[in-house]
Amino acid sequence: MANIMIRRGGKGEYVFYLPKRDLEDSIVSMEFDTPEKWGGEIKLNNGGAYFIEPQAAPERLPYSVRAKRLDAAE
Amino acid sequence: MSALTKEQTEALIAEVLEVYPEKAQKDRAKHLAVNDQSIEQSKKCITSNRKSLPGVMTIRGCAYAGSKGVVWGPIKDMIHISHGPVGCGQYSRAGRRNYYVGVTGVNTFGTMNFTSDFQEKDIVFGGDKKLAKIINEIEGLFPLHKGISVQSECPIGLIGDDIEAVSKKGAAELNKPVVPVRCEGFRGVSQSLGHHIANDAIRDWVFGRDGKDVKQEFVPTPYDVSIIGDYNIGGDAWSSRILLEEMGLRVVAQWSGDGTLAEIELTPKVKLNLIHCYRSMNYIARHMEEKYNIPWIEYNFFGPTKIAESLRAIAAHFDDKIKAGAEAVIAKYQPMVDAIVAKYQPRLAGKTVMLYVGGLRPRHVIGSYEDLGMEVVGTGYEFGHGDDYDRTIKEMGNATLLYDDVTGFEFEEFVKKVKPDLVGSGIKEKYIFQKMGVPFRQMHSWDYSGPYHGYDGFAIFARDMDMTINNPCWKKLEAPWLKKPEAEVELAKAA
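Chains as they are written, first to last, in the working numbering: chain D, 1 to 74; chain U, 1 to 495.
By construction, these hints were calculated from the structure, which means they are not laboratory data.
None of these values were measured; they are calculated from a predicted model.
Check each hint, because a few of them may be wrong.
Within a straight-line C-alpha distance of at most 25 Å, the following computed DSS-like cross-link-like pairs (lysine-lysine) qualify [to be verified]:
#1 K43/D to K43/U
#2 K291/U to K20/D
#3 K11/D to K44/U
#4 K271/U to K11/D
#5 K11/D to K394/U
#6 K44/U to K43/D
#7 K44/U to K68/D
#8 K43/U to K37/D
#9 K44/U to K20/D
#10 K43/U to K20/D
#11 K43/U to K68/D
Can you build the whole structure from these sequences, using the hints too?
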């Protein structure tokens, strides 16, 4: 489990940030992206994948959340 | 020298690496790369932010350097105690030329060195009592200070002193912030972690005070911004600030060059955070974005092309008045820029530069050189991370050299082979290259010159580069009696 921060990028896309490792990357896909259900498996541009417990979408971004690493592309 | 092709650059890297033993070769090869603009992600070509291995000459600093020297040190109305043995503070005192206004020793303390001067007994019995005594002494001797930060040196972490408890007690007694910073030098691989720790300390110990050290009432305007990550080296923040103010913005805070504690506590009230040094202060900007909903953008005030780009990008966050203001500023300084370029470009065009610095400069200053018609053929970060290289790849030409945490040997060999007309790096490299006959600028503190930010800074930058590269001394490197007879004839003619 790691603390991550999700924010909006310049083009309106989700951007993933892992403070502990200074890893910043765009999110290419998010499993659930509706106001009621948000999160699930997220895939990063670098090939990594993380899992956020599905939850109601945050009111505003950036948003810090605990995420589980499924597949880090290091 | 004409630009190298990709194959030539790769061959050059292989040639330089040849002298290392196999294991070191494998390790160092990951840190050296040929730039390829088509690569989206730097980690495919270059590894960064890894521990330097013993045996190679690294140029990095430590976490204490990152916290005390970079982030906290320039906050002028606070006293920063170098907690531990005397050397760390004394040998780094005032070396960074963070200019400030104020009376040193009365209401500002930027160039002074405060240390707890650890002795054997402090290591054996702990230094907490000494720290408490120092905090009280400071209050007696310098009553106009606005707060204290305790910058830990290595032994504090090793002997396990509880500086947090002493700081809390001191803060309650003084009714001023006393900030313990756990920036022991052994933490992390370079000064980069020190920046992060310092940012976190501001978040936890200064923002937590909720602006209670601000004496005047703050009246917000829609045009409030803060300059984040400008350390006012040689006056950089001042030459940036005037441009922002001319376009109609109000600069509330300068982080941290010529900055004060009150400015920092007011920053959560601004509308936009402007980040110059991304590496050292993106952490706090991200925090403010999440907690206070303040957007941040990166900007670059090196060279007229990038300044104009940045001013427009900043103005895009505000209304039409500011947008018009930005255009007016750009138009106002255009004649000045034209005059600088007309004067210096003929003397500098086509010259090549190799850089090796830290923080933001390996990519930010490229624009300045290009505006003068020069070309950057190699660049590298002392302590950059992957996101720095992501941003650098786009700025650099194809087939140029990228080197991360370059070793003394590699850097010398690269310069010998690439033969740039100018090298820009730190003081430890300066005299080596000058003795090799290569013009050199110390790009950490602008070689005792500056400012280099903004339009005014560009004029100084152009003059400095010209006087370094075209200095007549570079023609005098050969002893007169070793010169060929033709040269003598020419000399006689000229006389």
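The hints, checked one at a time:
no. : hint            : result
1   : K43/D to K43/U  : 17 Å, holds
2   : K291/U to K20/D : 18 Å, holds
3   : K11/D to K44/U  : 24 Å, holds
4   : K271/U to K11/D : 20 Å, holds
5   : K11/D to K394/U : 18 Å, holds
6   : K44/U to K43/D  : 18 Å, holds
7   : K44/U to K68/D  : 24 Å, holds
8   : K43/U to K37/D  : 33 Å, violated
9   : K44/U to K20/D  : 21 Å, holds
10  : K43/U to K20/D  : 17 Å, holds
11  : K43/U to K68/D  : 22 Å, holds
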